[in-house]
Amino acid sequence: MNIMERLKKAWWILPAVILGIIPLIFKEKSAYVSGILIFAGIYIILAVGLDLLMGYAGQISVGHASFFAIGAYSSAILTVKYGISPLLAMFFGMFLSGLIAWIIGRPVLALKEYYLAMATLAFNEIVITLIIEIEWLTGGASGLKNIPSFSLFGFTMKNNLHYYYFVWFVVFLVVAMTIAIVKSPMGRTLIAIHSDEVAARTFGINSTKYKTGIFVLVNVFASVAGSLYAHYMGFIAPDDFGVSTSVNMLVMLFLGGFGTIYGPAIGALFLKILPELTYFFQDYELLINGVILIIVLVFMPKGMYGIFVAMKRKIGFSRE
Amino acid sequence: MGEYSHLFQFFFSGITTGSIYALIAVSLVIVYRVSQLICFSQGEFFVFGALFMATLISKGVSLPLAFVISLFGSMAMGGFLQWLLIRRIQGSSIGNLIVMTIAIFLALRGLALIIWGRESYVVRPFTESQPITFMGASLQLQVFWIAGITVFVLLLIWFFFEKTMLGLAMRACAENPLGASLMGISVNRAAFFAWAWGAAIGAIAGMTICPLLFTQYTSGVMPMVKGFIAMSIGGLSSIMGSVIAGLMLGLVESYTIGLISSKFSDAIVFTLLILVLLIRPSGLFNSQR
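Line by line, the protein sequences give chains A and B.
Numbering that gives the first Met the number 0 numbers the first residue of the first sequence as 0 and each following residue consecutively.
Numbering that gives the first Met the number 0 numbers the first residue of the second sequence as 0 and each following residue consecutively.
If we strip away everything but chain B, and leave its shape as in the complex, we get (with noise of 0.2 Å):
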């Protein structure tokens, strides 16, 4: 039993981070599939939220209002970032439009620098209570939170995208952005959105780990960076795929840290990415190469 409690622990630390993984991987996802762009300030929308509910919290918001507001509050940053400065530059090179993402990751990294200092911030869980214990495992409640958020918020992009007219309009700018527009659908807007829910679903990731996580202004770049990874081995531009390759990425990397090493996990997990790379370039999920 012993043994097999640390195999229990392992596969929940591993769903959490996993699940993380997998927002960050999504909210990507969505940008790239309607401006065919990867963003590489995705991780300060994580930063951003939650250092913001940290702050509001802090200040004698309750929980709930403060995860709302900080919520809205970087889904219209996303939307703003998009029609100041993206929109600009539509239409250049795709390395321009790269390098932008990294300059607003650039600013708005600062400007956390600037307005939370080098501190790291933490939020009460969102349900306070003793950790359970389940099969010999200790979980922390916030587990739950977490893979449940992670849960609806899929839901809710699954029903966004299929079943809305705004969603089916993003997903024919996805598909083919001239026919779009031809059919009277402004891709711009579309691309507005896209950044807008990218933003929404960063900030989510980093609010609701922000109780098990020490968050400051630098703690952008790993998840971004594995978001990344996620969204590769998923094969870019599929959700499903994305979210499955950040939960596996999850485990993959609990389970390095609990029975190889902490010290070697990055490495394994990156070389592995290189070789998927190497052998299916598209990506494990994707049907169409």
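One chain only, chain A, in its complex shape (with noise of 0.2 Å):
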């Protein structure tokens, strides 16, 4: 293994490092850049987590904003109504969506395509419609206020900065779990369901089983993003969790580029950005990302990893 492959291998530092320094390249305006930055890392872990659900398991969901919803009142319940400590209530929330994953998996994934779809968006309805009316436990349509600050180990998050790095380092924890998971003979075992069903039973497969299991640890991964969001905000809302929020989602996935990992967690970095950039037209933002998808649908189906990957094989890095 020569210099150049282990450089190669080692490409992940990179990013890494342009992110570790961002908050110190635009000092008095670190607050607001690395703000917007948590945002974007928190919708990565989320559009990541799709990914694998949908680009690899080939599972289709519109309601993956469901299972954000519970991670984020999971944490919001549990820490202002019962004070328990903000990590602890992040792995409660882990473990209940893990466990409502589990329980309505199975028979819903046993479902295809567009039902699976209906199936998934009328969850994420259910979801919304009963955080609205158990008012006593959520505080109903207007929200639950004063979540405290995240802590750890004693040392509480005070501002952007220490959020900034704590999310983005979950981020990376997650994008490396889910490359691990890809790279596995399990990331194989789903992209055979993906393909054919019948065939991977065939070989003796435990479809189900596969599709379950992959169903709860994505949902786990939408659960933290949740309660990074609770925590962050110290505000939330059932409008933060609604289908349409899902459907921001797929945009990402398919903006970035399907069954790529790394491209999801692009479109997801790159819709959240947009609007800082054209804060000015506001009203013109729908309109702006309904065109923005419509042209990468048209002319290039790959999404925005595709033209990177296209670029860099032009420029010869490819393996080949």
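To be clear, the hints were calculated from the coordinates, so they are not data collected in a lab.
Keep in mind the model is a prediction, meaning the values are calculated, not measured.
A portion of the hints provided could be inaccurate.
Residues from chain B that keep clear of chain A, each with C-beta distances beyond 12 Å, as calculated [claimed, not checked]:
no.: 1; residue: LEU55
no.: 2; residue: SER61
no.: 3; residue: LEU138
no.: 4; residue: LYS162
no.: 5; residue: THR163
no.: 6; residue: ARG188
no.: 7; residue: ASP265
Quick list of in silico lysine-lysine cross-link-like pairs, DSSO-like style, CA-CA up to 30 Å [stated by the list, open to error]:
no.: 8; chain 1: A; residue 1: LYS144; chain 2: A; residue 2: LYS271
no.: 9; chain 1: A; residue 1: LYS80; chain 2: B; residue 2: LYS262
no.: 10; chain 1: A; residue 1: LYS111; chain 2: A; residue 2: LYS208
no.: 11; chain 1: A; residue 1: LYS271; chain 2: A; residue 2: LYS301
no.: 12; chain 1: B; residue 1: LYS162; chain 2: A; residue 2: LYS144
Going by beta-carbon spacing under 7 Å, a handful of chain B positions derived as facing chain A [claimed, not checked]:
no.: 13; residue: VAL98
no.: 14; residue: ALA266
no.: 15; residue: PHE269
Where is the CB? At the ideal position from N, CA and C, for every residue including glycine.
Now that you have both chains on their own, put them together as the hints suggest.
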């Protein structure tokens, strides 16, 4: 193994370093910049998880925001109403999300394509309705206020910088885990299920077990993102977790590049930074998002990651 | 009598919303049958039809003329979108096509926001008169317009698909695209007409309910979702099934709001959907599994 190959293997250090020094570059504006990047980070966790579920396991979800909501509300309710420590509340949210995902995963994932899309969308609506209606616990439509800051082993996160480094640490963890899964035999099993479930079953793969397993894992990721979101915002309302949020995640997925893990991360980053660049267009944001997505679908179906790969190949860094 | 008049009231409001759900479901089914695609942007035609008609009326155009102009405008828009966008990515994965309709949904919604802003619009009822009382329930005359127009549209669809050459050609494309194209039927053109029809029916739903519902740029989502539900319960490709399912959905919703709780009605409806999907994934009214 020569030095070039070793460098290639360690390429991830470069984005890590860049992200690490971004707050230092933007000195006086760093609170603002890191604020945007915290949101982007939270959405990367969601989008990468969704890609594992849709891009690899081939299970459509139009309700990914539901477990984002369950995580956020677990953290918020436990810390605000019962004074439990944020870390413990986050673990409880992960456990609860995993449990619910495990219970509904088996029957729901037996559905295919449009039916699965409908069922996940319906589940998202049910979660939102329940949050709005169980007012004594969740604060109803007006939401929950005064969620305490996240604290870790006695260290309380007071400002954007603390959250920035913590959220992006979690992002790296989640992406690394996802990549490890994709490259493991389990990743190949998922791809097999995706391309032909009947064939996969014929080869003795227990597809139900794998699909449910990945569904649980992905929703635990979403729950973590929800906890981070709740503590960073300090305020959550049901509107943050509706079907439109789920649709936004789909847009990130396809904008970045379906089934590539890094692609959706780029898509999430782009879609969270874009409104900041076009803030003087405000009302035009929806239209711009729609048009960008249309252009991507028509002219570059592999998404932004696809362009990146094509460029890399042209410059000659490809493996062949 | 007092008890029963409530039940009648719920029945009529159920039929009203149910007709709207049925129309949206039918517009989805038509697109689905010809191009095996569920169009997530269908609710936007509902909004465009209603808001365009409201604007025309406020500019002094008479109601029937505004209705017709808005109808053909939406029809042209549906066909144009199919020609401009869907045709281009025909043949790519089903996921891409779904996301394309989501993109169209975002773009149209954004366009509606720019044109009409965040205000809500309402138009005058098609015939202006006092609500009439029937069996103790008070009824807006618009309810009869909605039911009548729904029946008329359904008859028209039946006639189109059963009796006209173009309708038969579109059905052939739905059954077997390759076979149809070998017989000299342009599958693309069939899809074009399906989108135009779908958009027109979606717009009709929006325009007929507009006197009873404050419509704004975000109003398209709920009818679309309910239309999907009706379509799924009806078995995706059955027009009759989705009409029955749409009416049932309206009734279930109206009675749960009236008798159980207005709060949980959506949760109950969605739970019903998941149950139906789990028990009979191919829909309640689909004979072939």
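(request) List, from low to high, the hint numbers that the structure doesn't satisfy. (result) Hints 7 and 12 are the ones this structure does not satisfy, whereas the remaining hints hold.
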